[in-house]
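Q: Given next are the chains, with one letter for each unit.
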Amino acid sequence: MPDRKVSPPIKDAIDYHISLKKPEIFKLDNGVTVYNIHAGTERVVQLEWVFKAGNWYEKKNNVAAAANFLLKNGTTKHNAYEINEYVDFYGAYLNRTCYNETASITLHCLSHHLEQLLPMVREILTDAVLPDQELQIFKQNMKQKLSVNLRKCDFVAGRKIDALLFGEKHPYGIYSELADYDALNREELLEHYHHYYRNGHCIVFSAGILPDNYAVLMNQYFGDLPLNTRLLEEVEHDIVKDPQQKWNILNDPDGVQAAIRIARPFPTRKHPDFPKVQVLNAVFGGFFGSRLMTNIREDKGYTYGIYSFLVNHIHAGAWMISTEAGRDVAAATVNEVYHEMQQLREKPVDQEELLLVKNYLIGTLLGDLDGPFQIIGRWKNLILNDLDDSFFYHSVDTIKTIGAKELQELANQYLQPDQFHELVVV
Amino acid sequence: MIKFERFQLSNGLKVLVHTDTSTPMAVVNVLYDVGARDEDPSQTGFAHLFEHLMFGGSVNVPDYDEPLQVAGGENNAYTTNDLTNYYCQLPAENIETAFWLESDRMLSLAFSKKSLDVQRKVVCEEFKEHYINKPYGDVWHLMRELAYKEHPYRWMTIGKELSHIENAKLEDVKRFFFKHYTPCNAILVVAGNISLERTKELTEKWFGDIPSGEKYNRQLPQEAVQNEERRMTVHRKVPMDAFYKTWKMCGRMDADYYATDLLSDILGGGASSRLYQSLVKEQQLFTAINCYHFGSLDRGLFTIEGQLVKGVPIEKAEAAVEAELEKVRSMPPASRELEKVKNKTESVMAFEDMSVMNRAGSLAFYELLGDGELMNQEHERYRNVQAADIHRIAQQMLTPQNSNTLYYLAAQD
Chain R
1 MPDRKVSPPI KDAIDYHISL KKPEIFKLDN GVTVYNIHAG TERVVQLEWV FKAGNWYEKK
61 NNVAAAANFL LKNGTTKHNA YEINEYVDFY GAYLNRTCYN ETASITLHCL SHHLEQLLPM
121 VREILTDAVL PDQELQIFKQ NMKQKLSVNL RKCDFVAGRK IDALLFGEKH PYGIYSELAD
181 YDALNREELL EHYHHYYRNG HCIVFSAGIL PDNYAVLMNQ YFGDLPLNTR LLEEVEHDIV
241 KDPQQKWNIL NDPDGVQAAI RIARPFPTRK HPDFPKVQVL NAVFGGFFGS RLMTNIREDK
301 GYTYGIYSFL VNHIHAGAWM ISTEAGRDVA AATVNEVYHE MQQLREKPVD QEELLLVKNY
361 LIGTLLGDLD GPFQIIGRWK NLILNDLDDS FFYHSVDTIK TIGAKELQEL ANQYLQPDQF
421 HELVVV
Chain E
1 MIKFERFQLS NGLKVLVHTD TSTPMAVVNV LYDVGARDED PSQTGFAHLF EHLMFGGSVN
61 VPDYDEPLQV AGGENNAYTT NDLTNYYCQL PAENIETAFW LESDRMLSLA FSKKSLDVQR
121 KVVCEEFKEH YINKPYGDVW HLMRELAYKE HPYRWMTIGK ELSHIENAKL EDVKRFFFKH
181 YTPCNAILVV AGNISLERTK ELTEKWFGDI PSGEKYNRQL PQEAVQNEER RMTVHRKVPM
241 DAFYKTWKMC GRMDADYYAT DLLSDILGGG ASSRLYQSLV KEQQLFTAIN CYHFGSLDRG
301 LFTIEGQLVK GVPIEKAEAA VEAELEKVRS MPPASRELEK VKNKTESVMA FEDMSVMNRA
361 GSLAFYELLG DGELMNQEHE RYRNVQAADI HRIAQQMLTP QNSNTLYYLA AQD
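Protein chains in written order, with the working numbering: chain R, 1 to 426; chain E, 1 to 413.
There is no bait here: all hints are sound.
Straight-line Cα separation of at most 27 Å, BS3-like style, residue types lysine-lysine; simulated pairs:
no.	chain 1	residue 1	chain 2	residue 2
1	R	LYS22	R	LYS270
2	R	LYS22	R	LYS276
3	E	LYS310	R	LYS143
4	R	LYS300	E	LYS121
5	R	LYS300	E	LYS114
6	E	LYS174	R	LYS5
Please keep in mind that the hints were generated in silico from the structure rather than gathered at the bench. Predicted model only: the values in this text are computed from it and were never measured.
Next up, chain R with everything else stripped away, as it sits in the complex:
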C-alpha cells in the first residue's frame, strides 16, 4: 500500500536543462532567408511565408487584412474554387493571416505532397488578381460577421481596450466599423499586394519532415521572385493613450455577464524587465494556479476563468487582465483584481508558491518545445523581434533565479491601479 498522504519525490523542473534546437538556415538566390527545423515523428510539414505586410503598412483601415484574405481567391490561371480544390485534393491546408507588422501564408501538408503544392503558393505570390467579385463577397460576409460580433460583450471589450491603450488610429488600437468595409476598393488592395507581397519582404519558417531536396525546391519556386530587393520603409505610428481611465459600456441591456479588461502599457521583449515580469505575471494571473484564478474563480466562483498576460507586439506592449464575470459580481471582480495587485505590492511571494510557479513555467516550457512546429514557432517570435536564442536562454535563467524581493519591487513599479485602464462592458 503506497502512502497516499505523501507526494512522490520529484525532480524540480528548474533543475532541467532546457535547450532550443537551432534551425537550419539557408538563403534563396534572391536573398530570402529560410529557417527550418527538420524533426518530428509524423511525415508532415508546415511552411510559413511571412511578409512585412500587416496593418502597420496599410494606408487605409482593413486594406492589409482584405488583401491578405483575398490572396488565394483567384489568379490569372485559377479561380478561388480551383485553388481551394487543388489544395484540398492533397489534404493540405493553405491559410493566410494578417497581423500588425506581418502577414503570412501558411501551408500544412503531408511531406510527400509538398512538391505538388509549392507551385500553387508561387502562383498566388506572383499572380493573384484579388477579383472584385470576391472582394464584394468578402465585404458582405465581414460586415455580417461584425454585426454578430458586436452583440458579444467580450468582442466589444477586446477592441475597446486596445483602442484605449494605443489610440484608435494606431495599428494596434484601430478597429473596424461597418463603413470601413464599404470603403474598400480593389485598386488599393492591388497596390498593397504588389508592394508588400509581390515585391515585398519575406522570411520563410518551416518545420517537420522536409524532403531531401527541400532547399532546391524552395529555390526553384521562390528564388527568382523579386522579393527583398527594395528597402523596407520605416513607418512610425504615434501611440495616443486615452486620457479617461475608467470606462463602463452598456452593450446589451439584457446581458447576464460583463466583459472586464484591465490593462496598462508595458514595454516590449527588449526591455530588461520583460522576462522578470513574465514570472510575476504567472504568479498574478498567468495560469490556472495563479492568484487571480485561485481567488476569483476557485474561491468565489465569480467567473469561469480569469487570466492576465503580456501583450507582445513588436513595437509596444501591454499588460492585461481579462475575464467574463457574472453581471452582478462585476464590480466585486474588479475590486478583487486590485486587491491581488495590492497583495503582490505589499507582501513578498512565499518560497513554496514561487517554486511552484517556477516549476510550472519550466515544465510547461519543456512541453511547449515538444515538436517541430512548436520549436519553429519560438524561433519565428525571436527572429521577427530581432532577437536570438540568447533571449530565450536569458528568459529561462530568469525563471530559475528570480527571487521574491525582486518580484515585489516589480509589483510596486508596475501593478499600480492608477496606471491601468479599467473597462467593463455589459
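Model the placement of chain E on the given structure of chain R, informed by the hints.
A: Relative to chain R, chain E alone:
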C-alpha cells in the same frame, strides 16, 4: 501506426501504454465511461459539473492542481454526451506524481461542501458565457429537444437548465462518483517517455488497491426511428437569420459511419466543398455554411448550419440547400471528389497524431469503442469507402421524415 501494449489490473482497470522516447514528456490520460447521456433527466449537466469537482481535492490529497504544477505538469478535462476524459502532461521523470493524483481521485473524492458551492457557481458562469450571453447560444438546446424525444442526447452536456446545476446536492455527487468513477468503468492510457515495465509497476502500486466497483450497466432509452418531418421557428435578438437542419445518422460503431463522415466533408468540409461553393460563393445566399456531425457513439445528428445573407428569405435559402442535397441523393460523388475527402481525412489524422497527448486521448477513445487497435484501422476503413456507399447513405439518411429544421430568425427591433 501507433504501437501500444495493454494489460488489466485485477480490479478491472484497463491500461494501455504507448512508449515514445522522442519526447521528454509523459502523459497520463484517464477516461471514464460516463457522459451526459447517463444523467437523470431531472439532474442534467451533472457529468460535467462533476468533472469540475474532480479538481476539488481527493480523499488523501487536498488539492489536485498544486502538486501537479509543482511537478511541472499541466492538465485539463472535458465532458461530452458520451464520456469524460482527464489528461495531464508533465516531464517524464515526474510521472509518478500523476499516478498518485489520478489514483487518489479514483479512490475517493474529498466531497467538500465548499468545492461544490464554488463549482456550482463557476459552471453557472460557464453556462452563461457560452450559452446565454452569446448570440445563437441556445441553438443546440433547441435542436436537441427537437431531434430527440427519448434518448438523453436531448440535452446538452452543460445541462438543460441552470436550476439543475444550482440544485445539485452533495449526496448526489457521492452517488454519482461511486457509480461511475471506478476502475472497472475507466481506461488508463500512459504515453510518452515511459516503458511498459515502469508503467506496470506504477499502475500496480497506485491503482492496484482501489476497489473494483460495479460495472455500470448502461440502459438508455432508445430513440424510435423518426418518421415525421420536424420544424421549429424561433425569433431571437440576433442580427442575422440562421438555418439549422439535422438528420439522424448512424452510431460511431456502425459500418456506415465512415461513408457518412466523408459525405459531410463532401457537402461542407472547407472552401472547396459543395455547399460553400454553391451557396456562399455562387448564389450568395449564405455568408457561412457548414456540414458536420459530432461523432456520437449512439445515433447522432448529421448537421447543416448556415448564416443567411441579410435580406434572403429563409425559405429560399433552404430550397437552395435542398437542391444541393438532391444532387448527392441522385448521383454518387465523382472519384476525384471522393479521393479528395479521403486525402483530407488522412492528413487530419496525421496532424492529430503529432502530439503525444492526442495519441493518448485517441487510444483511450478507441479502447472505449472496444479496442485501441481500431485507431490503426481507421485509415483503412476510410480508404475502403466506395462512391456507391455515400450515394446510398445520402438517399437513406437525407430524407424529409428523418429531418429536423430550425429557423433561427432575427427578431424585429
